[in-house]
Every structure is written in C-alpha cells, then in structure tokens.
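Fit chains B, C and D to the supplied structure of chain A, relying on the hints for placement.
Listed below, chain by chain, are the residues.
4 protein chains.
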Amino acid sequence: MTVSYKFQQLPMEKVFRDPVHNYIHVQHRVILDLINSKEVQRLRRIKQLGTASFTFHGAEHSRFAHSLGVYEITRRICDIFQRNYSKEKIGAGGWDDSERLIALCAALLHDIGHGPYSHTFEHIFHTDHEAITVEILTSPDTEVYQILNRVEEGFPEKVASVITKTYHNPQVIQMISSQIDADRMDYLLRDAYYTGTEYGTFDLTRILRVIRPYEGGISFAMNGMHAVEDYIVSRYQMYVQVYFHPSSRGMEVVLEHLLNRAHELYHTEQQSFLATAPLLLPFLKEDFSLDDYLRLDDGVLNTYFNHWLDTTDPILSDLAKRFLNRKPLKSCRFEPKTQENLLITMKEIVETVGFNPVYYTAINSSFDLPYDFYRPKSGKHRTQIELQQKDGTLLELSKVSPLVAALAGQIQGDNRFYFPKEMVDQTLQDNYDLFGETYQLFASHIRNGELVE
Amino acid sequence: MTVSYKFQQLPMEKVFRDPVHNYIHVQHRVILDLINSKEVQRLRRIKQLGTASFTFHGAEHSRFAHSLGVYEITRRICDIFQRNYSKEKIGAGGWDDSERLIALCAALLHDIGHGPYSHTFEHIFHTDHEAITVEILTSPDTEVYQILNRVEEGFPEKVASVITKTYHNPQVIQMISSQIDADRMDYLLRDAYYTGTEYGTFDLTRILRVIRPYEGGISFAMNGMHAVEDYIVSRYQMYVQVYFHPSSRGMEVVLEHLLNRAHELYHTEQQSFLATAPLLLPFLKEDFSLDDYLRLDDGVLNTYFNHWLDTTDPILSDLAKRFLNRKPLKSCRFEPKTQENLLITMKEIVETVGFNPVYYTAINSSFDLPYDFYRPKSGKHRTQIELQQKDGTLLELSKVSPLVAALAGQIQGDNRFYFPKEMVDQTLQDNYDLFGETYQLFASHIRNGELVE
Amino acid sequence: MTVSYKFQQLPMEKVFRDPVHNYIHVQHRVILDLINSKEVQRLRRIKQLGTASFTFHGAEHSRFAHSLGVYEITRRICDIFQRNYSKEKIGAGGWDDSERLIALCAALLHDIGHGPYSHTFEHIFHTDHEAITVEILTSPDTEVYQILNRVEEGFPEKVASVITKTYHNPQVIQMISSQIDADRMDYLLRDAYYTGTEYGTFDLTRILRVIRPYEGGISFAMNGMHAVEDYIVSRYQMYVQVYFHPSSRGMEVVLEHLLNRAHELYHTEQQSFLATAPLLLPFLKEDFSLDDYLRLDDGVLNTYFNHWLDTTDPILSDLAKRFLNRKPLKSCRFEPKTQENLLITMKEIVETVGFNPVYYTAINSSFDLPYDFYRPKSGKHRTQIELQQKDGTLLELSKVSPLVAALAGQIQGDNRFYFPKEMVDQTLQDNYDLFGETYQLFASHIRNGELVE
Amino acid sequence: MTVSYKFQQLPMEKVFRDPVHNYIHVQHRVILDLINSKEVQRLRRIKQLGTASFTFHGAEHSRFAHSLGVYEITRRICDIFQRNYSKEKIGAGGWDDSERLIALCAALLHDIGHGPYSHTFEHIFHTDHEAITVEILTSPDTEVYQILNRVEEGFPEKVASVITKTYHNPQVIQMISSQIDADRMDYLLRDAYYTGTEYGTFDLTRILRVIRPYEGGISFAMNGMHAVEDYIVSRYQMYVQVYFHPSSRGMEVVLEHLLNRAHELYHTEQQSFLATAPLLLPFLKEDFSLDDYLRLDDGVLNTYFNHWLDTTDPILSDLAKRFLNRKPLKSCRFEPKTQENLLITMKEIVETVGFNPVYYTAINSSFDLPYDFYRPKSGKHRTQIELQQKDGTLLELSKVSPLVAALAGQIQGDNRFYFPKEMVDQTLQDNYDLFGETYQLFASHIRNGELVE
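Protein chains in written order, with UniProt numbering: chain A, 1 to 453; chain B, 1 to 453; chain C, 1 to 453; chain D, 1 to 453.
Chain A on its own, in the form it takes in the complex (with noise of 0.2 Å):
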C-alpha cells in the first residue's frame, strides 16, 4: 500500500548545512519538492539584501538560503508546540499538528514572489511580491501549485491564505507573519551573520524555549519576556545600522534612476532594447505574464546594465557604469518640513556644474516601526507581542518592558538628500577651474552630515 502524498516521509531525513542554523532537516517528501522546483530554486539568483551587499561586502546570501531558515525556524516551532503544548495537552488553544504541513510550505515560499532588487523594481514597474508570491501559489502552470495540488485539491489556496493572513488558524499565520515571526527571526540572525555585525544577534535557542501557543495566535511565556526585549533591540539596531545605511541607499538611487531611464528610453528608442535586454522587455512594454516575471533576476539586470554600457545615451551608460562599478550617491541628512526650497538650491547647484538633478539627486527616506502594540485608530494594524503569567493572562510586551517602550511606536529612520559624490570630492572635480566657487558653495550647505543654510 502506498502512503498518499501528503503523508510521505523521506526514507531518510534529508539535510542542508547552513551556519545560521547549523541544518535545515527535511522530512516531508513534499517539501524536498518544493525546494527542488524552479521557482524555488529561482531565488538562489536573488540576493536577500540587495543594494545593501555593496555596503556589506560579506551579504551576498540569496533569498533561497533565508527562505530555507524561515522553513526550519517553523519547523522546530512545530516541533515544541507538538511536543508540549498540543491539543492533546492543553485543550482549547493548543497546537493542531495536522496544520504542520500548511505551516512548513508557507514559510518556505512566503518569499516566492520576490524579484530582482524587489524594492526599486517594484515602484518602476509597478509589480507586487506579495501579489505575485499568491499568483504563483495558485497558477496550475508553476512547479509549485502543481507539487501543492498533489497534496490535496485547495491546499495551494489554502497556502496563499496564510500569506494574505485569511487563513482560519491564526497560530499559522503568526508563526510566518507577526512581529515577532520566522521570517523575522532569520532574516535578522542570517543579515547578522553575513554582514559581519554582532548587534543583530538575539538568542533564538531561548526565544523557541518561550514560544507558546494560545487560541489568538502565538504569545511568550512571562519568563522569557527579556528575550523577546533583546529581540525587538536587536531589531532596532540592524534597521539603523544595516537595512537604513546611506550608502546602500545611495546605490539604490543609482538604480532608481537606472530603470527609470530605460523605461523612459523604451517609450522613445525602443528598438535598440530589443536585443540588449529581451527577459526585461515586457516589463518596459508594462505588459508582462507571469511567467515573464519567473525569468527575472539579480544576474538578468545585471547583464543587461553590462549590455547598456554601450548604448549611446549618456545618461544611462553612465548610470549603469556607475551602478556596476559601485559608485554609489553621497548624501546628507535633511529636515523636510523647513529645507524644501534649500534643496532646490542644492540640485540647482548640482545642474550649474553639469549634472541633471532628474538622474543625479535623489531624496531617500527610511523609516521602520520597531515594535507597536494595537493603537485601534491606526491605519495598519500589527500584532502586538504578547506574554502569558503563569495563570494564563496575557501581558502586552511593552507594558513590561521599559526598553520596549521606549521604542514602541517611535518610527525610526532620517530623510535625506543625494547627490553626486563629484560635488564634495575634489580629485574628481575636473572642471574645477571653472566651477570651483559653486563647489564650494555646495560644500558650504553640509555640515557634521547634515544640511545648513
């Protein structure tokens, strides 16, 4: 007799070395599929951090290694759920470990949908990973629906509904999306552990030995509420040193720029993209399947960057021999509400000395929440952390946590404004004799990093 599908279990666990997480044990013959498919596979080609390996030189790892983590931080929060707090155990509230399945494919493709430099090319192209990692959820056409469908008739939407969070079981859904969450969890240890900076580190070991579930979602024992305090600090302190760094930032106006550009040169000079950049067109044309979109990744724009260093318009030779050799924009912080007009001095001054402001400055602003409890008048809503007494009340975290507090609902991040590094280094003013005075009128506008009349 054979076991159906779903129920397969690998004659032997299968597992993948991984230095955040020591392995990556796989039991299920479904989720070895998963892995194997193409569109999983596919993420190897897209790094997980972006324009920010330019800063950080060691954060190369791909969205494949970080969708692999989200897969195992969840499996082993299965794992402790079903060991100690099951249904069994602890009736109404405790965990259902036929939700496993569900749970293990949800982490690992909640990232699916993911394109190359996601942030940038989705605001020029106007797509959506969180559309897309839905749309290829439920597609009969892609490897994935086709391993999902396998299992049971509905489970690739039941999938999708896990990542659109109307899934019926909210455990599920905050395992893989709260604030305190896998994905969370991993991106933070793994940006940590390839970036070289220690500050991202928390203590997952102890965090997985608090976790529990309860009828509402996923909430922490009392006793390891400074954990889950180190975590939320942790967190903090990557987006203001990692994810908010200026000069990735400034790489990312680079690119910006760069697509925008050719998407401009696309509606005017369209013939010489047909051969340079074919897997990029129906996205210049705005008229993409998904499959188009399947074929993208960080080494496709990258190429065709290579291929437009010889194009013959300026601007984008440039900027893509700017974006390939790293030549990122350099910047300074800015006060929106009272430097408006100051900043059209800088780009005025920036056009004096020969550059267009349209492809040569840039506004950039960053800003995270580290952690919010409900505020029921607010827009988005977030799922506040919660920790459970011994009598099984439950504690919102920042009640208990004066660090927590401090960051609760305090957006972090600064505004600023960019512009050529020519501006401010001389070795690169070639035209100095000429425009020496406005160089250092520039110059004159930045003090200690920031912006001064």
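It is possible that part of the hints are untrue.
The list makes no distinction among identical chains, and a pair is therefore deemed to hold if it is satisfied within one copy or across any two copies.
[What the hints assert, rightly or not] Within a straight-line C-alpha distance of at most 30 Å, the following computed DSSO-like cross-link-like pairs (lysine-lysine) qualify: (1) Lys330 / Lys165; (2) Lys47 / Lys421; (3) Lys87 / Lys6; (4) Lys347 / Lys6.
The set of hints was computed from the structure by calculation and includes no laboratory data.
Relative to the frame of chain A, chains B, C and D by itself:
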C-alpha cells in the same frame, strides 16, 4: 607640499566590516583606489566557490570578499613583521617594510584574472586566469594598471612578478603563494564560515603569532607547530568534504557539457547566438580581447543560459534548464585502471533509455595534495613549510608532525562516473514500462556508492 | 648598560591564552612580576561571580581571569590612543604614552582588595574592598608594593590614586572606572561567555574603534553611537538576567545568615571555633591585619563551612549544609511600601512550622542604574558618556539614543521576600499532617511570583 | 493515581544554561533529584582540569559542569536513537528506550568518585576514583544510592555495572565509555571552550547525526567518517597541547611532593596536623571511610596548604607556598634510555646549590594513545570505532582514514626532568656569587628545551 601618491595615507583609516576578519583595515590611498577600480568591483559578481554553492547554499560569497580577506591577512603579517622582525631588529632575514605596498597590492589583486566558473570556463575556452591576472596588471588600459603606475613606473610589472613568482624577495612571494599563505588561509576560513562547516576552522591568531620571516621566505616558530599542523588538517578536511563534494561536481559536469554544446552549436548555427549571448560571442568565436574577458561574470553566463531555455536545440535548452534549476548528474566511484570496459557498458545503458552519453555522462576526478615537502625529482616544485628552532635552524614540518607526515605526498580524492538522476530514481522514469529491465541492470552495477561488475 | 626596571621589556612578548580576548599580551617585566605576585595569584581562588555560579554552573571563573582581561582591554586602548591620538598627533586632549604603565598597573590591580564572597563578607565583617585595594598597593610588606616601588618612588601611591580617582589625568581614571570602562567591558563579556548567555555580548572591537581621548577624559566618536548604545543595553540585560537572578540571591541570603550565626556564636562559645576556622578567627574577633585578610579565599570559607557540618549548633550546621549542597531560599516579589504587615504575617507562618525567621527568612533588594547622565543635585556623581562630533563638540549619549534615554536614571531591580523551600514544596513537608493548613495559608499569599493579600 | 518514581516527568522541563551545549534539559524527577544530591553538588568544588588551570587561567570549570554535559550528550543520543533507530523501527540492533534512564544516570554519575586533584591524590593515598564511584552508587548511606534505589531495587547496582562495563547492553556502556563516548566528547569541547583553544573543537552536531546503534554497541554511518576523524584529531591536539602542557605538570609535581612531605611528616610529628588539616587526617592515617572521602574538595586541600604556610617544616611550608602562589618547577625533555646517568648528575647539581632533590626535582612522563584498533595481544582492550556502510557491514575507522591510521597505536607524549626555576633564572639566584659556575654547568646541559651531554 603634497605627499607622493605612493605614500599617501587616508586621513582616517577606512574599514570594511567583514564576518571572517571582523574588519578589513585600509590605510593607503592606493589600496582604496584599487578596491574601487572596476576590475576589482567586477569580482563582486563572481562567486568564490562556483558550483559548490549549489551544495552549500550558504556559500554564496564572492571573489571580492576573498580578495579583501587575503589583503587583510597580508596586512596583518606585514604589521607583525615590522613590529617584531624588521631588518633593523633582527638583521639579514628580517623584514623590509618598504616591501609592504607591493605585498598588499599583490594580495588584493592575486585573483583579479578570475572569470565566471573559472575552472570549467578555462577548460572550454582555453583561458588561463593567472596569465590574465598578469595581463590586467600590466595593460595600460585597465584602471588597475593606471593606479599602480601612478605609484611609480614599473610598479605594475613588479606586482605582476610577485604573481609569477619571479620577484626578488621570497618573503613577499610566499606571503601570497606557498603551502601556507594569505590566500589559502583566507579561503579556508571564509569557505568554512560560509558553508557553515566547522572543520575548516583553524587558529589564525595563533598562526600569525608564530609566523616569522627568514632569508629564504616565511617560516614558523617551533612552538607553533601544532597550529600549523591544525591548518594542514583543516585544509585536508575542506578538500575532501567541501571542494570535492560529489554534488557540486555533478553540477560542474552539467555546466561543462552546456558550454561545450554552445561552443559546438556556434560553429554550426551561429546566427541564433548573436542576439542571445552578445558578451559570450568573442569566446565562442575564439577571438577575444582583455576587455571582452572583463565583461563576463556569473550573472552574464546565467542570463545567457536563461535565454537558451528558449532555443530550439533540445540538448542546449535541457542542459540550461538542469543548470539553472539545479539538477546535478548523479555519480558513483569507480576504479580507472580496471573498470574501463564497465564504464563503456554503463554509457551504453544510459544511451539505451534515451540519453546522449556525450552530454549526459561524464568522468570527473578530483585530487589534491594537502601538503608536500621538497622532492627533487618532482615535476611541480612546492615551497615546503619550515619550522624555526630556538637556535634559528629550520626543520621541515612533516619531520616533527606525525599527522602531516601521514598526509604528506598523499593524494586525496576520487574518480567518479556521472549519469542522469533518471537512471536510478524511479519517480523520474516515465518510460519505465519499456525500459524497466534496463534501469534495473544499471542499478545493479552500483553498490555502496561504487561501481561493481 | 642596564635598562631601568620601569622600562624593561620582556625579550619575547609573553601571552596568556584567554577565551574572551584570545590572548592577553604582556610586554613589560613589571606587569609579569605583578601577575606572579602572591596577592594577584590569590585572586585565582576567588570566584568572580560569587553565588551566581550556583545558578549559572558554567560561571566558575575567577577574579584573576577578570583582572587579566581588564589589563588587556586597557593595553589595547593605550595602543589605539598612542597610534592615532597621541599628544604629538592631536595636541592638547591627546594621549601621553608615559601614562601607559600606570594605567596598566591600575587595571591589573583594581580588584586586588576583593575577598571571598565580597558583598556578603563586607556586610558582616565591615571590610571594604576598595580601601583594602589601596592598602595592598601602599603597604611596604606586600609583593605588589615592592614591585611597584621598584618602578620609582611614589609609584605605588600613584597607582592607588587612580583607584581613588584622585589622579591628575582623567583619561587614566576613566579607562579604569567610568560608565564604560575596561573593568565593566571585561566583566560583561566574560560573565556572558562563562554563563553562556548571549545578551551580555556587545561589540568590543567596534567600541575600541571609536574610543578617543579628550581633555576631560574618554569619549566616543559619534559614528560609534550604536556600539555604545548596544553596550548599555547589554549591561542592562546582564543585570536583570544574571546579576539579579533570584536563585543566586537565595544562596546569598543563606551565606549571610550562616556568617552571621558564626559571628554570634563566636561571642558566646568561641572555643570550639579555634580549631575549626583558624584563618577566620581574626575577623570573628574583629581584629584583623592586612595579612590576615590576604589569607582568605573562597576555599577557606567553604572548608570552614565543611568543618561546621559537625558543630553542635543546629542552625550553624544546617545553614552550612544548605550552602554547600546548594539549597537556596525561595522567594517572591513584594511591594515594600504597602506590604510591611503582610511580611510580618508571612514570617510568623514560617515560624509556626518550625523555622527561626531570623535565619530562614530574608528581605533582599537588588537595584542598579544601567546608565545615568550628570545630575547636579544627585549624591553620587557619575561620569556621563560623551559622543564626539566631527567638529569636536561633545554630546551626552542619552541625547541621541532613544534606548539609552529610556534607561537613563531608571533604577532596575526588585524587592524579594525569601523563605525556606519547605514552605511551598510538599515533598519536603514531613510535618504536613500537623501544619497542612498553615502551609496552604502560606502558599495562598503567593501568586504569579508575587506576594498578595 | 500516582506515577511511580521511575516514570515521573517534571511538570515543566527544567533547564540549566550551559555555555557548551546551550541548555542542559532535565525531564525526569530522578535526574533532578540526583543533581540536587550532596554527592553531585560536591563536584562543584572540584576543578575538571586540576593543575591545568594554572596554565590556562580560563579553565576553572568544575566536574559538576562536565557531569551535566555528559548527561546532556547522552540524552541527545537517546533522543536520536529513539526517534530513528528504535528496536521497533530497525529490529535487532535497535535501541530499547527502556534503557534511557539507566544511561542517563550512569552518564550523570560517571565521575562522582573523583576527588580533589585526583591523579596526584590517588597516587599518594592509594585511592581509586572508579572504585569509589561504584561505592558511592551502591552504599546505602549516600543520597545518590537512596534516589537510585527509589527507582527500583537493584537499580543502583545496574548503574554501577555500566561504570564497570559489566552491564548486559553494550550500547549503554559505549555511550558512556568507549573511544568516542559522551564523556570524551563533553570534556574535549568543554576544555576547549574554557581554555580558549580552538583545536579541541569538533562538530558535535554532525557526529550526533551519524551515530547509530548496532548489536555490538555504537557505530557511525560511513558518511560521517570525516566528522569522526576530526574528533580523533581534536583529541590528539588537546592532549599534546593542553593536557600534557609542561607548566601544568610542573605544578603537578610540586603538589605531589607537597602531599608526600605531609604524609611523611604525619608519621613523625602528627600532632601538629590534628588542628590544621582535620578532614585530611583519615588519609594521612591511611584509614578513611567513604564519608571521609566525600568531605574533600579542592578548597579543603588548598586551605590546608594555606594553614601549612605557618608550619615549622621548611620544606612543607615552602612547597605549600610554591603551590598556592603558582611557582611550577621548570623542565626539559630527556631520553630515558640513554640519559639516566646525566639525570643523576643534574640532581647532584641541584643539590649542590641547596635544594633537596627528593622534593625539588622530578621525572614526569605523559603519554596517551589518541586512538587504537583492536589488537588481540594487547593488554588493555579498547573498543574500536566502527563505521557502518549502507549495507550494514562495519569497517574499522583507521582502515578508511589516513589521518587516523597515522595516529592509531602511536603513543603521544614526552619524558621531562623537572627542577627549580632558580636553576636557570639568574634573577632568582641569590647565592650566585658562590655557585655561579655550578648554575652555568646546569644551564649548559639544556639546549632547545632538551637535556644534552
């Protein structure tokens, strides 16, 4: 008065955060300019481990990161030599710190000639990364050359002579290239860190504590014998466990067949390639310039493989698919001397069920010498590792280490026969009804991973 | 010609392998001699964390290891200051390297006056480890004094003045003692390493990269703000999670009662103590010399407790047994202002079932200020942490860090009521038949770890 | 209905934070009770590495921590065996989980018979820690016995039979004692962690992945060969670099002479010892009970050495001072077969300048066999390490590992002659005027750390 370029120090030491060495410290303007050159930046787009990242998903680090690491170790050695073993202090055999800049440049640039998937690429297109390194260093058009030449006339050639081992000072040469050099030390530590294996780890701090210059090059204090011994063992472990991993080699043979097929097709039907792989054309034509070479990277090849998914040649598109979607050929060990005929039989079986054995089988042998002492009659000369006793006399490592003696001159590795996974995985055999017995015959010739009669 | 003792360098740098700092490097003969002195060697027999090792079994490291660690961090700071921020380089506010030896000696010897279980011992026997440190440094009979005095006359007193913070150079004082000094940095890292907790870890390398001298003492470069912030958070975490752990304090109160009981018994029946605790006698008599003090260590006290297992006083022998066999008192939190009467009731219950509340209950409060800025009206002055901007102006840390602002001036800790485990563990209640209801009454006053009406 | 003691699980798993294994997990009440017994708690007061902590100051960890570690590794092995290789799953040769408790108890208690500075103490006082372990397990008065006996009658004897290797199940015996067992695995990792050396580190996770039971005991999957090989190499490295360190042995010989001198003095003038060393008396008398033995610990011996500083015997007080203040004897290697006469000469020289060679010189030889396979004629039988091939057949390790083959049966270690540091350090020679030539003669017989004619 301006300081000459050669001696320009950065006003403030510049650091790059690195997970292996914590920080890479840059003090010379020359070094910073080299790092920012397009030839060095290009190394960001070439993976250090090539197809091994298909087996060790964490190991997606680039040759750029490795190059910085080799530079950093060399810098630390120079610091130690200058502080404790300068010519001023210990006389002849001591370190001359005016050699520092040349050592640092050679360290940073030693891999500059590497291209995408070097090993395979070189094999197919008859390139040689060491020769290209020298060409990049000494061709007036490269940014690297221009920076080096600003230091002083003849400086590019001097750096090149370190690479070719013709430089006059053996200490500088052995820092960069010997059986225990900055190159090997960085890649063992880095590859161990990124693969997540522990066996590649050795105690760099301790080795740096006992390294000392002598007239003939680099030696190690006797009391550091065990640290050096541990390094040799780590090297052995990384080779047999990571670098020779059968799955990575299973991807390598796919890649080799894929590039070979493209090469052949170019000669028969080159037109269709003009559009799909412009930057590869000069190589298919076997007429390429240095500039052509410097346009290549992993992403370029992968993108062209992606384009080839749509070609009409079924072998080319199938192999491209196998490579992009990570479908390595499977393998078993065999005995070259006695199993030649059996190999022929196995290939015939592969052909029977429908695979062209030219493109779907392969022989792959991986071998390395973890350590060797000087053998007058050996073809390839290796610098042996010397230990320095209290009275200054030298002793060759394997004379005092039973572990190293066990490994010295012993070639490690194996011979493998590669074939499609379809041959042994029944879930993939859609023609099993027809060829069931053939498949069984094939399987019967493999036992415990070895080819048997 | 012989070099004066003060300037004697070891012919070969001597190293001590250290798990926290990798190596402790000793270059001066003075330092090596101090390490080999009997007063410093004695620190090997005194645990750094006292009773905390009963909770964290891995943390059995000694004050000797910590002293070496503080020395090593100080040495590294001196190296950095000398290399980059010497008076010669940056003028007034720069580092004067002739201060190095005094800084190193003060660092190595800052804890030399500590005795066994310092906190408790001092409380019972009215000793003061800081005063004793000064006494050891300046008493002609100690080996430490003799070594220091060989450096130059008055040198012992100079080192002592660093400890008492009256030395003329605030940079030297703040290296050893400030809110972010070599002492705190070593013990946080070391205690985290040995307890196996990760939350005490901060990025020492990065802090050392941004530390700089200025006229008023030690400051940190603005771009190191987050590294300093992370240190403050680690400090907070170690306090609330390790140093204030309720079980360690449960052992501390046992120890306190035990030493108190011995003190009392001496006055009533001193004879029996003459033989069992000779080295403790001077303290029981309250008439001790420095030499008496230097004979004590953890093992001496533990051995006497061991002897006391055989005394006829049932309280003394029982408390000794509880201490040696690790039977801490249990505890619950309480509110000092409002629960005074309830505490009286609880003690009465403890007495009812047969325990003398004087020796079997206790109040223990642990509090710490993770960080504070200057408060003119505060009794105890603390050196605030200063950040240095590009133009040299200073900013106090909590002004730029929301995390530190949240912790600044906020006292952390709790008040606990301690009682025998027998009160709440039924398996230990051999008189439950008689006192069942009393035990239940006791238990009813504790909920979720807190005292309730 | 109450669960029998044997099967009682803690309501909530109890954990101990451990720096080596992260957490020690305790699930059985029996285990928790054993940990809390006075015999196990006593191990907190005995250092794991004895005099080695005088060389590696970080290595002050206790036998208590090691015992928990051995328990934890055994627990993990049981988990793996039960999950994957139970008798139910793989039939004969599989794991019977009813053996778990006995394995855990034996693991936790395997070192319970160790006393202070075991190696030396046993030598002088003719004790035997393995025999005492058995005695503690099976003597009705110990807490350990009482707990074990509550499990079921005969259980204490069963646990003892695992220690004496007469238990019927070789899997249980080999878990605790074989050439690759939980004991060795924990101490190698733990000692490496606490000394701060990296060479003792091997990949425990990977070894646990490949460990499997078979009828004859414990084996390892063939694909884990390199992990096992790495463990053997680590073991070799720890022996030659840590356990055999000449300075630690220089302290050991001081300790040996000190205890020997005390032993002799007892017979000649025992009165003075009655007061100073009460707990040591039974051993000096050579008439001690198990209870006497259990009163001893490192602190007790050190305290008595401290008392002896004041005795009138100059040799006893001087050796006590050398031990407490860490003044090891110095040493050089020698060749036992050919240098007997030279040793006599050296001792005479030592005597000439005023040292009694009986107490101030010593011969110390340290040897270990890193690994051995079965040798029918060898006196001491060792369980060889077996690798399991896919078809279940076993292969002995050294047959497939060139590294292990190099070490197998090869005894590592050296013979050393110890003498006072005064013999070679001129700053300590206060009678140099008289004996200058004698000192020079002594020094002339040592070259490059070896004894020469």
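Exercise. Honestly, which of those hints from before does the structure not fit?
Worked result: Violated hints (numbers, rising): 1 and 4; every other hint is consistent with the structure.
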